[in-house]
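Asks: Residue numbers (numbering that gives the first Met the number 0), protein chains in the order written: chain L, 0 to 260; chain F, 0 to 260; chain X, 0 to 260; chain E, 0 to 260; chain G, 0 to 260.
Hints are computed from structural coordinates only; laboratory data are not their basis.
Hints are supplied without guarantee of correctness; some may be wrong.
Pairs involving identical chains hold if they fit within one copy or between any two copies, as the list cannot separate such chains.
Stated by the list, open to error - Here are the computed lysine-lysine pairs in the DSBU-like style, where the Cα-Cα straight-line distance is at most 35 Å: (1) K246 <-> K176; (2) K246 <-> K69; (3) K69 <-> K90; (4) K84 <-> K246.
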Amino acid sequence: MTGKNDLMSPFLREGKSLILAYDQGLEHGPSSDFDNRNVDPAFIVELASRAGFNGLALQKGVAERYYDGKVPLIVKVNGKSSLSKGEPNAKQNCSVEYAVSLGARAIGYTIYLGSLFEGDMFREFGAIQEQARERGLAAIAWVYPRGAAVQNDTSKEVVSYAARAALELGADAAKIKYTGDSQSFAWAVRAAGKVRVFMSGGPKAATDEAFLAQVRGAADAGATGIAVGRNVWQHQDPLSMAELMKKVLFENLQVASIKTT
Amino acid sequence: MTGKNDLMSPFLREGKSLILAYDQGLEHGPSSDFDNRNVDPAFIVELASRAGFNGLALQKGVAERYYDGKVPLIVKVNGKSSLSKGEPNAKQNCSVEYAVSLGARAIGYTIYLGSLFEGDMFREFGAIQEQARERGLAAIAWVYPRGAAVQNDTSKEVVSYAARAALELGADAAKIKYTGDSQSFAWAVRAAGKVRVFMSGGPKAATDEAFLAQVRGAADAGATGIAVGRNVWQHQDPLSMAELMKKVLFENLQVASIKTT
Amino acid sequence: MTGKNDLMSPFLREGKSLILAYDQGLEHGPSSDFDNRNVDPAFIVELASRAGFNGLALQKGVAERYYDGKVPLIVKVNGKSSLSKGEPNAKQNCSVEYAVSLGARAIGYTIYLGSLFEGDMFREFGAIQEQARERGLAAIAWVYPRGAAVQNDTSKEVVSYAARAALELGADAAKIKYTGDSQSFAWAVRAAGKVRVFMSGGPKAATDEAFLAQVRGAADAGATGIAVGRNVWQHQDPLSMAELMKKVLFENLQVASIKTT
Amino acid sequence: MTGKNDLMSPFLREGKSLILAYDQGLEHGPSSDFDNRNVDPAFIVELASRAGFNGLALQKGVAERYYDGKVPLIVKVNGKSSLSKGEPNAKQNCSVEYAVSLGARAIGYTIYLGSLFEGDMFREFGAIQEQARERGLAAIAWVYPRGAAVQNDTSKEVVSYAARAALELGADAAKIKYTGDSQSFAWAVRAAGKVRVFMSGGPKAATDEAFLAQVRGAADAGATGIAVGRNVWQHQDPLSMAELMKKVLFENLQVASIKTT
Amino acid sequence: MTGKNDLMSPFLREGKSLILAYDQGLEHGPSSDFDNRNVDPAFIVELASRAGFNGLALQKGVAERYYDGKVPLIVKVNGKSSLSKGEPNAKQNCSVEYAVSLGARAIGYTIYLGSLFEGDMFREFGAIQEQARERGLAAIAWVYPRGAAVQNDTSKEVVSYAARAALELGADAAKIKYTGDSQSFAWAVRAAGKVRVFMSGGPKAATDEAFLAQVRGAADAGATGIAVGRNVWQHQDPLSMAELMKKVLFENLQVASIKTT
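Looking at chain L on its own, in the form it has when it is part of the complex (with noise of 0.2 Å):
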């Protein structure tokens, strides 16, 4: 959905997108993933914004008390803690209608496909995605398998489910797993049809360049962009990080071609 009405539009640049992901505080809790600077999200949104990234993504509560308007908000408007072992579910915690009012462009939501839950989520989805139309916002759709059927979730015929499952219900934009290899990923990118794939950024790389190929991989694989956190705000200098994923995604840089420090 290109063009005019892409509600994608206010996350893109020249038809590409790097987005800030900063829900970890809610997934994974500060401890796991926090250090004493990037635990405190006034660090995050001006990152955002001095970095360049053409959105960024939060929970409501961080949302309302630090976004500064000048990146362009995704409101994930579910999500669960790693505390809970059940089945894979997360609940809608914020209303489409707040996430506008404050400040949101599109919304996130988490789908466990393949979890017990699945159809609870396909279900709240569906009418967050409605509502999200009706007022003009994206809705993205975080999809992540799970369950007993899932035995590998980054293989190729589990991450083009995800893919695909994001098309068949409604969904803007999806952020996917990466596959590992852009050929594989390029399958995902084409079950995902005119849905814009993001790659999931995940846990930090070993190295840059380990980071940076998958970047690569994922832009030659036809993918929109990719949504990071980790990789960029645990980096020890997140602005070159980020530098350097927008030459590879805007520039084409190739990563052979990289200098990392």
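Position chains F, X, E and G relative to chain L; hints supplied.
Replies: Just chains F, X, E and G now, kept in the frame of chain L:
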């Protein structure tokens, strides 16, 4: 319910109907059913009109982004992924109102008859059917028996139960599996009463003749038509295959006289 | 609640009532209970008026397509299939408003007393009963005890509990199983107080005399009437059988004097 | 909450109250608690006024068909049968609005404190209490501790917890079991604070003296009154028994001086 | 969120706050926590104003009958009893609108982070928080980690997770347990960001000094204050104890210099 007030009219030609089903991306995943060609909804939507289908069944997201208004639209308003392994259930992810806004003339809803969650689907379908009536849409039930008591979901007893449930619950049409022979399928058609019966195409048959014989058998049994997906769009020559199906259905072609490629 | 304000009035003749039940297509499936004749709702609807029944109980879909307005209509607004093997529960699939639009003068609702889901049915019936009152419809409870504590669902204790639950919950009439003898059934009738009791016909009896003796016993016990299905429409001569039932019920015919075919 | 605004006023005489409870038909079934006389609600309703009770507690259906307006009415808006053996839960089957239409001055609601479904009842009672306040009805909580942690539901600890829960949740009155002695029951009364405490009559006591001693003990402990059923209407002479109870409650009669038949 | 728009303002004095918590009657039962004096809500309400508390937390029923308007009111809108032994969950029993009618300036809500029902509480709190915002009330989250993954609910990791969850979900303040030392508690305070942190008082400490040292530690860590119950109203001299707590909190008194009785 024949005549002017038949909500299925948009999908009928001489009282018969050939519907193209394309919700497999959600139900089975792209890697299970799709290749590089049929993974693209644009290919399917174009195929639907070029091949002269009388209806096209899509999930909301695919309808929203690809539907071209040429073939009457059925929006499937529930669904589940094949990764979710619990007791079968599929929850509504699209409102009837939204389906209307996408151009739907009918809604489709899957009922897993015999599931422990059967009652939830009965309730949800009941409400959707009433909303569909209010807006002049047909309500088509995909009735798939499942659960501990269902040993054989193509037996005469089970298939006719599916057909009858569609009648009792107020559907305008029922999509049910073929029993294997025309005589037993006729019992299912009779059990459905005034509800129009569509044979579910199912997985790609071993040979074209085998599939066309099923179509012949269903038609002879009094079915209104078939709702087919994989046997068309997984075929190397979908247009020819569709042509043969139409000959069987609309021109009473006998299968023995069919030449296939 | 006799007299002008009795919501059951449409179903009464001289204070008695013979109701034809035809929801078995959903409850038991067509292959279990139907033959080529009685699988056709048109046959049943015509039979209801020709045989002089005082009421006809149908699910929404059958009522919508076949009801002819001749015999007062009861729309069963919940139901379940016999394929679903979990703890008994049956959820509302038809709104009271919709039942009214179909011409209903009463709604029917099954309560599985003793089920772990009893409370859900109490709540749902409670709301339906109030909606029915608002619109001037009777609320008829099909009360069927089930669950771990129900060893014998035709015992005096269990049947009278069913009857009483209907009274306590605000039903206008209760459909309950026969206890086997008139004296114990009289206790159930007494427990129901002002709520009208209908003996549930149940499966086809071995002989006509056996069934008519039950009708006699229920009538002698003070029941308002019977709600019968299979013992009429599975009979080779439904009209004659209905005639005999009417004689027992309305003309106080004793069973010993009955000649059956 | 004494004085003009006390919603319990309709049920009080000199600040005391004797309530006749008759929801056992639903809770225990007719064969468990009733005989040919007291199975008839008309007998009970007449008894309530003839014996000078200050309140009468009925389920909606019995109230609707038998209530004569003479004694202030409490409509029990939830309940469950003794046939349902799962974790205790009782769901609302009567709206507050409907209870008002039946003439209720109070609603009654059972909370199984300690049940795994306790939270559902807290939530439901919470909403009902607010609706009752809006319409000027009292909200009376039947608080019965149940579940794995409740070894002895007449212990001082457990009974006082029941009383306190009624206060915390906003009830106007609490119906709780007797602890066995006046001193420990006084702790429950104190825990209830301004909430009026009614001793639950329970099953028929072995002797009249035994029961009247409980009434005496509860009154001495500061209870507002008792809510009694079986000890009155299972009594061979209900009027005399009620008379004795009134003497104990209103005239401070000591039990040692009571002559019973 | 400091300044004029801080919804916590009514509860602050010089940016600090001492809140008296009295929901233990519901949470623990009267026999567990109360004696003849503090079982009386009137004693507590008077204590709150006499001792100069900045807030008072009560369940709806206690607030409705005892609150005197002198100290800003927090109505706890959910809760559970200690008799209920399943997976922790506490459901809303008081609407935000009703809390307002009782004079509340804030609502309190318990979230059992890590419970299998965490998602239900996230959703419920999410809706309550938005309703509170609309009416100008603060939303205070009691965040108590529970469940299989919570080995130690006072560890730095777990307590800081609780604090962070409150921020992410949009709370104005978080009531969390003390970690045992000021340094680790400072991490929780930092994780909470702009959300005000209240140390939960917990059970009566062995000595006054022990408890005051906790208060000192929390204050040094940057907490806004403490929410205390048992350590005050179970104290033989609650006023003196409160006085000492205020000195620690507002006058920066060091614990070594405290003389207790």
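Asks: Given identical chains, is K246 near K69, meaning Cα to Cα at most 35 Å, within a copy, between copies, both, or neither?
Replies: within (21 Å within a copy, 43 Å between copies)
Asks: When no copy is named, should K84 and K246 be tagged within, between, both, or neither for a Cα gap of at most 35 Å?
Replies: Intra 39 Å, inter 43 Å, cutoff 35 Å: neither.
Asks: At 35 Å max between alpha carbons, let me know whether K69 reaches K90 within a copy, between copies, both or neither.
Replies: within (28 Å within a copy, 38 Å between copies)
Asks: Treating 35 Å as the Cα threshold, decide for K246 and K176: within, between, both or neither.
Replies: within (21 Å within a copy, 46 Å between copies)
Of the hints listed earlier, the one the structure fails to meet is number 4.
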